[in-house]
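Novice: Sequences are here, hints too, so could you generate the full structure?
Residues per chain, in single letters:
Number of protein chains: 2
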Amino acid sequence: MQRKGILFIVSGPSGAGKGTVLNQVMRDLSGLSLSISVTTREPRDGEIDGVHYHFRKNEEFDEMVKNNEFLEHVSKYKNRYGTPRTGVEELLDAGRDVILEIETKGAIRIKSIFRDAVLVFITPYSSDELETRLDSRGSENSNSKELRLKIAKDEYKKMKHYDFIALNDDINVCVETIKAIIIAERSRLTRNTNAIERYIPSK
Amino acid sequence: MQRKGILFIVSGPSGAGKGTVLNQVMRDLSGLSLSISVTTREPRDGEIDGVHYHFRKNEEFDEMVKNNEFLEHVSKYKNRYGTPRTGVEELLDAGRDVILEIETKGAIRIKSIFRDAVLVFITPYSSDELETRLDSRGSENSNSKELRLKIAKDEYKKMKHYDFIALNDDINVCVETIKAIIIAERSRLTRNTNAIERYIPSK
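Protein chains in written order, with this note's numbering: chain L, 4 to 206; chain R, 4 to 206.
Just so you know, the hints here were simulated from the structure itself, not pulled from any lab data.
Watch out, some of these pointers could steer you wrong.
The list treats identical chains as one, so a pair stands whether inside a single copy or across any two.
To be verified - Below, simulated SDA-like cross-link-like pairs (lysine to any residue); rule was C-alpha separation at most 20 angstroms, straight line: (1) K156 / N195; (2) K161 / T196; (3) K182 / D166; (4) K114 / R191; (5) K163 / D119.
Specialist: Here you go:
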């Protein structure tokens with residue numbers, strides 16, 4: 004009998020480099036799917052619909068909420084973000100591991116549905132570093148920086164709910180850490196109980 | 004404040020290739036110490052005192068037991084094996100991670116002392132494979148094979164107490180799995196609570 008897929012939920016403050024890290028992890032490991040979130044915010048330069056996000060209008064988002072199409076959805080910086088239900092459950096049942104990149108509130112909500120989910124918090128080394136990264140992010144309005152720093156603080160307060168913390172002061176180290184967490188969880192005994200019997204010598 | 008070291012306990016049936024795997028892991032990862040067991044059995048070809056085991060006479064072993072020098076000790080194949088107390092506790096306090104390669108009974112006993120210890124079970128793919136490996140092991144007496152198979156069965160029954168299972172049908176994959184488990188556990192939030200505060204932005 005096939006192992007059920009593992010749900011990995013990755014969060015962290017804006018500017019922690021989650022997207023870059025996860026793209027590298029996806030390139031290096033097989034058997035892994037990245038669930039794409041739905042958002043009402045405007046695409047940044049280079050962002051592609053269906054790759055980075057599913058970009059939807061407010062009314063379309065409302066419709067999806069009404070039709071119960073989200074595992075969870077939240078508002079953030081006056082924009083809305085949602086995790087589509089379709090895909091995630093099917094992938095897990097088919098034995099594929101799934102990565103969701105979502106903010107902390109949604110992560111904790113999803114953990115209450117998927118008890119076996121693994122929560123990973125990506126963070127730059129220090130708070131100074133975080134601020135530098137927010138500063139250098141040209142695509143953001145400068146007047147929203149204070150707001151995003153405040154929200155970052157709130158994210159850090161939720162860190163205690165997470166299983167793992169992955170530093171991103173060196174992207175290669177961070178990628179190796181995320182990959183290690185995935186490989187280790189795949190080897191966790193409680194996720195392989197169906198397979199254990201075949202290791203017991205029959206005679 | 005420095006993180007306390009993590010205790011990794013690695014077990015698995017005779018012939019599972021634990022020694023080879025752990026030597027490779029020790030070469031690849033830093034911050035890791037391998038605790039050497041004490042035994043009363045005869046050295047096999049190529050085994051060096053103080054490297055593979057501390058080889059001691061029965062009376063010397065008795066003395067160590069009397070002086071409370073072991074974390075745990077057991078009898079196996081009419082030989083005795085013990086985990087020296089000295090070293091392990093000091094290394095952990097100094098923030099170094101320690102690997103103990105011991106059999107299942109001792110592992111479970113040590114887990115009851117070191118609650119945060121991580122238990123890893125290394126196994127070849129199948130029971131057939133296990134038997135082949137026991138057959139090809141020239142250094143063993145052929146008449147002890149049945150006994151060691153019986154003991155292997157008993158080891159597998161204790162597998163349910165373990166945190167992780169690492170397949171050794173491919174040594175490189177097995178080494179990567181063990182390394183992943185170590186890196187992941189180093190990133191576990193509950194092992195980094197002292198460090199969390201510095202990630203919270205101060206303003």
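Novice: Are the hints correct? Go through all of them and say.
Specialist: Here is how each hint holds up against the structure:
1. K156 / N195: between (37 angstroms within a copy, 18 angstroms between copies)
2. K161 / T196: Close across copies (13 angstroms), not inside one copy (31 angstroms); limit 20 angstroms.
3. K182 / D166: Result: close both inside a copy and across copies, 15 angstroms intra and 18 angstroms inter.
4. K114 / R191: both (18 angstroms within a copy, 17 angstroms between copies)
5. K163 / D119: both (17 angstroms within a copy, 18 angstroms between copies)
Checked against the numbered hints given earlier, the structure satisfies every one of them.
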